[in-house]
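Number of protein chains: 2
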Amino acid sequence: MNRIRCAVILAAGIGSRLRSIHNDKPKGFLQIGDKPIIEESIARLIYNGIQSIIIVTGYKNHFYDDLKNKYPFIKTIKNDHFETTGSMFSLFTAKELVNDDFLLLESDLLYESNALQSLLHSSDKNVILLSGATGAGDEVYVGVEGKHIVNMSKKISDIKKLGGELVGISKISQELYEKMGSHIDSHQDKKTNYHYEDCLTDLAGDNEINFHLIEDLAWIEIDDEQHHKRAIEKIYPLICRRDSEIELQKRVERNILLNPGPATTTDTVKYSMVVEDICPREREFGELVEGIRKDLVRIVHGEDSHEAVLFASSGTGGVEACLTSVIPDDKAALIINNGAYGKRMVQICDGYGINYIKYDIPFGDPVELDKLEQFVNANKNILSHIAFVHHETTVGILNPVGSISEIAQKYNLEIIVDAMSSYAGIPIDVNKDKIHFLISSSNKCIQGMAGISFVICNRESLQKTSAYKRRNFYFNLFDNFTFFSKSRQMQFTPPVQIFYALRQAINEYFIETEEGRNKRYVEMYEVLKKGLLELGFKFLVDEKYHAKILTAVIEPEDKNYDFNRMHHYLYERGFTIYPGKGAKLNTFRIANMGQLYKEDIENFLLTLRDYLSSNRITLNS
Amino acid sequence: MNRIRCAVILAAGIGSRLRSIHNDKPKGFLQIGDKPIIEESIARLIYNGIQSIIIVTGYKNHFYDDLKNKYPFIKTIKNDHFETTGSMFSLFTAKELVNDDFLLLESDLLYESNALQSLLHSSDKNVILLSGATGAGDEVYVGVEGKHIVNMSKKISDIKKLGGELVGISKISQELYEKMGSHIDSHQDKKTNYHYEDCLTDLAGDNEINFHLIEDLAWIEIDDEQHHKRAIEKIYPLICRRDSEIELQKRVERNILLNPGPATTTDTVKYSMVVEDICPREREFGELVEGIRKDLVRIVHGEDSHEAVLFASSGTGGVEACLTSVIPDDKAALIINNGAYGKRMVQICDGYGINYIKYDIPFGDPVELDKLEQFVNANKNILSHIAFVHHETTVGILNPVGSISEIAQKYNLEIIVDAMSSYAGIPIDVNKDKIHFLISSSNKCIQGMAGISFVICNRESLQKTSAYKRRNFYFNLFDNFTFFSKSRQMQFTPPVQIFYALRQAINEYFIETEEGRNKRYVEMYEVLKKGLLELGFKFLVDEKYHAKILTAVIEPEDKNYDFNRMHHYLYERGFTIYPGKGAKLNTFRIANMGQLYKEDIENFLLTLRDYLSSNRITLNS
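So the protein lines, in turn, are chains A and B. Under the working numbering, the residues of the first sequence are numbered 159 to 779, in order. Under the working numbering, the residues of the second sequence are numbered 159 to 779, in order.
Keep in mind that the hints were calculated from the coordinates and are not lab data. Errors might be hidden in some of the hints.
Note: identical chains are not told apart, hence a pair may lie in one copy or across any two.
[To be verified] Only pairs whose alpha carbons sit at most 27 angstroms apart, straight line, appear in this in silico DSSO-like list of lysine-lysine:
#1 Lys-739 with Lys-756
#2 Lys-501 with Lys-644
#3 Lys-644 with Lys-742
#4 Lys-739 with Lys-644
#5 Lys-696 with Lys-677
#6 Lys-516 with Lys-627
#7 Lys-226 with Lys-677
#8 Lys-627 with Lys-489
#9 Lys-687 with Lys-739
#10 Lys-501 with Lys-627
#11 Lys-529 with Lys-516
#12 Lys-592 with Lys-489
#13 Lys-349 with Lys-236
Kindly generate the complete structure, drawing on both the sequences and the hints.
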């Protein structure tokens, strides 16, 4: 079974019969659910493991081009002759971009996931998806013989043996695609008003083009107002129900992880690790890594200025790589130490004998900017960097990256931001905040699996380190960067499957969008905060400093309270909470990262309430 | 769906009707295929994701106890009263060991994998597996009502509505198991001649105990000579055919990786990564890591003397951890440099400023032991270690660990062995060869996924390093060891899913056995060697030094030959070969590690021959 990773969507057409509804937008921008049908289709493709989508545009192409800003896995190409040519011309407009087997879709389709899965799981190389009778009024009937298609026509009388109706979703092999290309090249008359269905029919005699029939497939092509009405009233609700059932079948038991990562992931991220074995020194894997590197930078809006350097390690490995690679021997970093991860920076510097100045703050208190500046000013001659943790999960505090960066700029220092538990959960802009080095990992708010850390480096700042004396080998930033740049290979063997999971997780991030993910996290936090306060809990950190991704809760003084027993009670019921870690008061911690929803937090609060009441634990009011 | 990871096999019985066939061995040691039926059952359980197996023994228990040496995931416990008690007493003998839901099996069963899968995938908590009519002569009939069982009897007349015949494989929840225990505790008369089937019947009224019927299940319980004959002639061949079909259904595309790791893995290892999300600071995950640590040491027979320290990194990370943690500041390592990985040791020492002496050998030539000893002798005052690569994949040479170790012992030095590509492929005994530190990774001959490196350390040698000045943070061996020992947690976030894959890969290693894996690898090598010689190729390294896991082949001089074109030709056909790397002559490399078979090598050779002839490449004879 060859895994299909690419889809081509034909979206050049005008859709004149629908003008009244979609106000002159292309047909794909009709909206039935909560987003345009083209974006529904895109999300469905991504959740079924497609990794790149080519859209052939024409009419009002800028609508589709705009999607590229939102979804970096999309490429568009325009058929300039869209008004006078058929879909086959459009399909061949994409030939520079197509270099593998692909799914071919029309842009105006609403369909259930099963449509994609049946083609993706088929062992046949070329498969045309058919459905039972739709009564749509403009059906394309497909004639078949055995497993193969014979012809297609809008006239049922042209069909000898009916296989079903054409849906407009097909699996096309690279080989067949090339033959389709040769076919139109050798028939000049077929360059213009000729459709891909016609071409498939023409080639069906000499090529194995199979069909797959799903008798009661939930789908509709929206060509006119009547279709539109039917889509809203009948088909869309049916698709939603069917898709939720499909997911149920292969669902992995879902644990609600309220620890600060590794976080709860989607099933699609989990299953994306099951791939054919590959040697990571192959070009194909290099392209995967290259795409991930670019997208990791794009998430923090540094595509023109920054580079991502990846390591097979935990997040701490990434921090160690950064600190040991960028602080020159004769300089020092000012480390803000207001949590266990600030302290870890200190430990790393101690391990290597790197110079640093510590700004110690009790764990739970915020950074005082005046004091920070005094520290900087007093040591300005030896400092090269300010290093700190963005979201310090020890206490759930958000350190003010913008204000700290301003101080750094004033004294011409670079900043190193450990954004382990904020990256992809809280919007970050490395250029707006002048962040030189930012570190995170694959298993926090980006919602992939643990095993990869990465440092997003300002290009010039990284280049400067090329001449620095090496302090280690595995973790040197510049050497890892150079190796990849030269060979498009990771310097050392990467955790292959974790890269596939990260690819899927990043795609799902873009589907949810920066704003959408942050909104979901903040909503969960608000529900959590309200619920905890209602139960009588108090927070370690003043609300105005809350990162809204983790909340440190002061432990009850009631003698019936015991963290381990509470943890066990909740764990047995599917909720994983986290103990405190060296804060100024005793706490436990509740994170709200990962693929969770506010309903999960509500269920958690109900379960916590049950624990408290069944153990007769009272909270000080 | 709660994932079942434990199985209990009832194996206390005498099996008196079978004495003539099995020579007084317990029934499980009957042999139908190429191993005793109990080992068939064990392998089938492991390949279906079971991770620990409890065998309740009685009659001739030492046969079962011996299995523990071969399979570390087995625990045995003896029912001392096996001659006078029923199976319920046996089942409860295991109560100290059972702490989760489990599969319950009888020891004398031959069955197809579908029997296990149907129970493992069922969403019901308690399920009794039933089959259609077998005509076996001593059937246990099961009466049912709706989804539930009602009663069981050998007399069909006792049954109101027949659900099917009892197979002897069931899924039992922890909760039901406890109720079964209470039931016999409160009925003293039921302590002795009482069977688990009776207990299930007694509890069926008040508990939801469901059945699952597979009408045409391929299975047999072997109680007498007639069963034995039927098993050999009919059932066993059917089981083999059915199991190969089941595997086909979920098979991932199989690439033949002939690069020196990451290697081709089984589908069961791939799917073992799809697990419910878990916080790796939970006790449950700590137990997983602890079990893996023990088994990694056991593979090189160091369970009484050595400890495994694990890192989230590539294999190089493990080498860096070892070199930077164990060589004291005032001492030096002698590094044998006869390949890229010996050279890498040098680069690591350079990165940190660790003292070393190099014994340089052209890549492709073997170690000369006299010369090595001269080097050692000349530097004996400053040396503390000899560091070298066991199987140097740059050239496919096997460096003689025994002889090198003897020299080290003579001069009272410790040895550091990079066994990246030999561990689990070539038998190693850390005590016989006095290896102090041995490094490998999860993705080579152990056949797991990339992302974990490990150092297997002699306990005393590791302890000695506790006081050494730290050279780094993430990779300090002793600190990582101490952290795990104290908390049973990895010091830094581990790649969770890669650990699950490694667990499965280790279990599959024990199923194949040390001898079996080495034999399979050597057979592949012999086929490869013969085939390459027949084609006219020559080897870089004299055959007597071949590691038999990778062969470096001298590149043809024919002008039509081009490595990249050859690679591409083979890659397109599913075979991944590997370029040369700095050897004294131009080579390409063919590894034979991973879940491959000699048939794969034969197919590779045929494809290589096609490449040569279709490109008219002639080889010098």
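Now the hints, each set against the structure:
In this homomeric assembly, Lys-739 and Lys-756 come within 27 angstroms of each other (Cα to Cα) only inside a single copy, at 26 angstroms, whereas the closest approach across copies is 54 angstroms. Taking the shortest Cα distances, Lys-501 and Lys-644 sit within 27 angstroms of each other only across copies (20 angstroms), while inside one copy they are farther apart (36 angstroms). Within a single copy, Lys-644 and Lys-742 get their C-alpha atoms only as close as 48 angstroms, which misses the 27 angstroms cut-off; across copies the closest is 24 angstroms, which meets it. Taking identical chains as interchangeable, the C-alpha atoms of Lys-739 and Lys-644 lie at most 27 angstroms apart only when they sit on different chains, with a minimum of 16 angstroms there against 42 angstroms within one chain.
Taking the shortest alpha-carbon separations for Lys-696 and Lys-677, only the intra-copy value of 24 angstroms comes in at or below 27 angstroms, while the best inter-copy value is 64 angstroms. For a Cα distance limit of 27 angstroms, the shortest separation of Lys-516 from Lys-627 qualifies both inside one copy, at 24 angstroms, and across copies, at 22 angstroms. For the homomeric pair Lys-226 and Lys-677, the shortest alpha-carbon distance inside one copy (22 angstroms) is at most 27 angstroms, but the shortest distance between copies (54 angstroms) is not. Proximity of Lys-627 and Lys-489 under a CA criterion of 27 angstroms is satisfied in both settings, with 13 angstroms inside one chain copy and 22 angstroms between copies.
Proximity of Lys-687 and Lys-739 under a CA criterion of 27 angstroms is satisfied intra-copy only: 20 angstroms inside one chain copy versus 58 angstroms between copies. Taking the shortest alpha-carbon separations for Lys-501 and Lys-627, both the intra-copy value of 25 angstroms and the inter-copy value of 20 angstroms come in at or below 27 angstroms. In this assembly of identical chains, Lys-529 and Lys-516 lie within 27 angstroms of each other by CA distance solely inside one copy; the values are 12 angstroms within and 52 angstroms between copies. In this assembly of identical chains, the alpha carbons of Lys-592 and Lys-489 lie at most 27 angstroms apart only when taken from the same copy (20 angstroms versus 45 angstroms across copies).
Taking CA atoms no more than 27 angstroms apart as the test, Lys-349 paired with Lys-236 passes inside one copy only; the shortest distance there is 16 angstroms, against 80 angstroms between copies.
Going down the numbered hints, you'll see the structure goes against none, and every one checks out.
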